[in-house]
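Take the sequences, apply the hints, and build the full model.
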Amino acid sequence: MEIKKTGVAGTLESSDIQVMISKGSNGIEIELDSEVKKAYGDQIEKVITETIKNYGLNDVKVKAVDKGALDCVIKARTLAAAQRATETSDQPDLEVL
Amino acid sequence: MENKVKRNLPDDLMEEMDLKPFESANIGHPEVQRVAPKVRVTTGQNKIADSLEEVIKENLKDGMTISFHHHFRNGDFAFNKVMDLIIKLGYKDLTLAPSSLTGVMNDKIIEAIKKGVITNITSSGMRGSLGDFVSHGGLKNPVIFRSHGNRARSIEEGEIKIDIAFLGVPISDPAGNANGQEGDAVFGSLGYALMDAQYANKVVLLTDNVVPYPNTPASIKQDQVDYIVKVDQIGDPDKIGSGATRFTKDPKELKIAQMVNQVIVNSPYFKEGFSFQTGSGGAALAVTRYLRQAMLDKGITASFAVGGITKPTTDLLEEGLVRKVMDVQDFDKGAAQSMAKNRDQQEIDASWYADPHNKGAVVNNLDVSILSALQIDTDFNVNVMTGSDGVIRGAVGGHQDSAAGAKMTIITAPLVRGRNATVVPSVETVVTPGESIDVLVTERGIAINPKRQDLIESFQKVPGLKILDIHDLQKMAEKQVGVPKPLEYTDRTVALVEYRDGSIIDVIKQVKD
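Chain order of the listed sequences is A and B. Mapping of the first sequence onto the working numbering: position 17 corresponds to residue 17, and the numbering continues sequentially without gaps. Mapping of the second sequence onto the working numbering: position 404 corresponds to residue 404, and the numbering continues sequentially without gaps.
Any given hint could be a false lead.
To be verified - As a list, the in silico BS3-like pairs of lysine-lysine whose alpha-carbon atoms are at most 25 Å apart: (1) A:K75 to B:K92; (2) B:K407 to A:K38; (3) B:K485 to A:K37; (4) A:K67 to B:K252; (5) B:K479 to A:K46; (6) B:K485 to A:K38.
Derived by calculation from the structure, the hints in this document are not laboratory data.
So this is what it looks like as structure tokens:
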């Protein structure tokens with residue numbers, strides 16, 4: 001799986017998260033901005049990292065702006081951003097989903 | 001030491017400041033000694049001062065305590081006008097003792113703290129940049145948070161000794177007879193400022209509207225006032241309160257409001273002549289609407305509504321569904337304007353409203369109180385002071401007072417807000433003790449304090465009202481949002497939260513970033 005462009009998913013609405021995925025060179029690097037970073041920052045990064053790894057990507061830059069999203073939302077937005085970045089939106093990997 | 005709500009209080013600070021730990025919401029019958037202000041005798045001629053600067057220079061000294069009221073809320077011009085001059089004149093070590101602090105004051109206060117002008121603060125609350133500043137250790141001495149009733153008590157008993165009160169009013173005559181009901185910047189009740197007018201050594205009125213003597217009705221009276229300073233504009237009428245009150249369309253808030261209504265209507269208190277207090281949040285306003293319908297359906301009327309008043313409440317007054325409104329402050333323009341028209345909308349001062357150390361305050365006559373919460377824990381302790389990040393962003397207001405006085409106190413709160421649980425194992429800051437709380441209403445169901453078996457029995461018979469153990473609600477919330485990492489604080493105490501009687505119910509520590 002290869003990142004072809006920058007993929008974005010999500011909004012800046014309350015309880016959503018906006019995830020931007022682009023090509024990286026040094027593993028999965030996450031830049032997280034969150035209202036609940038102190039309490040849930042580690043958990044959010046864990047969900048993003050696991051989702052990206054399961055999708056088969058290794059060197060990725062992630063910029064995430066979180067507005068208090070739940071884990072299921074974070075996972076969905078990360079997957080959508082990854083699909084867009086890899087231009088695989090029309091062929092969703094059902095096993096990952 | 002640990003107090004009765006299991007909060008660890010710093011021994012050194014408790015000793016140094018001679019403070020007592022919180023014991024009980026039951027005040028008992030102590031005999032207390034009140035204090036009286038110093039009076040500089042005049043016949044009341046020439047009270048109109050040429051300049052605010054001269055008044056300050058003549059009366060203010062380093063180390064004094066100054067006070068303000070917050071009835072103008074975010075439309076306040078008085079505070080910044082006065083503080084600008086005090087900062088310019090280079091005063092030091094002042095104690096700021098307002099009834100509360102609003103957002104428009106924040107920047108000026110931070111400037112004054114940084115310059116050493118203000119070194120102590122006591123308030124009902126603080127929000128925004130100032131709350132952030134204090135929570136990050138910006139002020140050396142701990143802030144003391146007091147409820148509205150406790151501030152009245154502290155002033156009466158000399159724990160807050162106000163040297164100069166600077167009170168903005170929309171109308172006054174040249175002798176100082178003033179009210180909040182006429183002029184351009186009306187805010188209605190002067191309830192909180194009446195304590196300052198009665199107990200401050202010097203009272204300075206600021207107004208943009210001096211009318212011929214005598215001005216009535218006089219909330220602040222000429223015998224209390226030393227100076228009147230004329231200013232161009234005392235407040236921005238559009239920012240004093242929200243304009244037209246809008247009913248919430250949020251389905252979660254509507255569901256909560258409906259359940260609150262069910263709780264009230266099925267309680268033993270809902271009968272002819274009952275009384276209630278509601279706040280200003282979306283759910284509270286919707287409660288008022290449902291309650292109106294329930295009163296019409298059952299053909300009963302309320303004897304009074306109390307508290308911060310909103311237009312939906314004064315509408316009930318005009319409709320004859322509420323006989324009296326006991327009004328300590330008005331949250332919107334409609335309620336403020338209604339005071340001038342309605343003699344049944346009685347202005348009450350903070351002591352009359354909520355003081356624990358008098359001969360009976362209005363809150364003690366209250367049947368049902370509907371209050372909000374930032375967090376509530378499984379012991380029913382409520383936090384209305386710090387956010388889930390531990391930063392100060394709230395106010396005690398009348399929360400402790402109303403909860404202690406009312407026969408049934410209902411907390412309304414969504415189970416979670418965004419990713420933050422509202423029902424938690426232990427609140428960040430205890431403001432109101434669980435023993436004062438009777439029912440929690442969330443959109444997922446209600447929880448009843450186990451000490452109220454009578455209410456449990458009443459509500460079990462209500463079809464469709466889901467009663468849960470508060471621990472189950474807490475687990476439901478946790479399942480949804482996950483377990484948060486505990487917040488980290490330094491050892492430094494940045495604020496003390498007093499209970500109504502002056503004992504310490506909790507402390508707020510500096511957040512670690």
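Here is how each hint holds up against the structure:
no.	hint	in the structure
1	A:K75 to B:K92	violated, 54 Å
2	B:K407 to A:K38	violated, 39 Å
3	B:K485 to A:K37	holds, 10 Å
4	A:K67 to B:K252	holds, 19 Å
5	B:K479 to A:K46	holds, 17 Å
6	B:K485 to A:K38	holds, 7 Å
Checked against the numbered hints listed earlier, the structure breaks hints 1 and 2; every other hint is satisfied.
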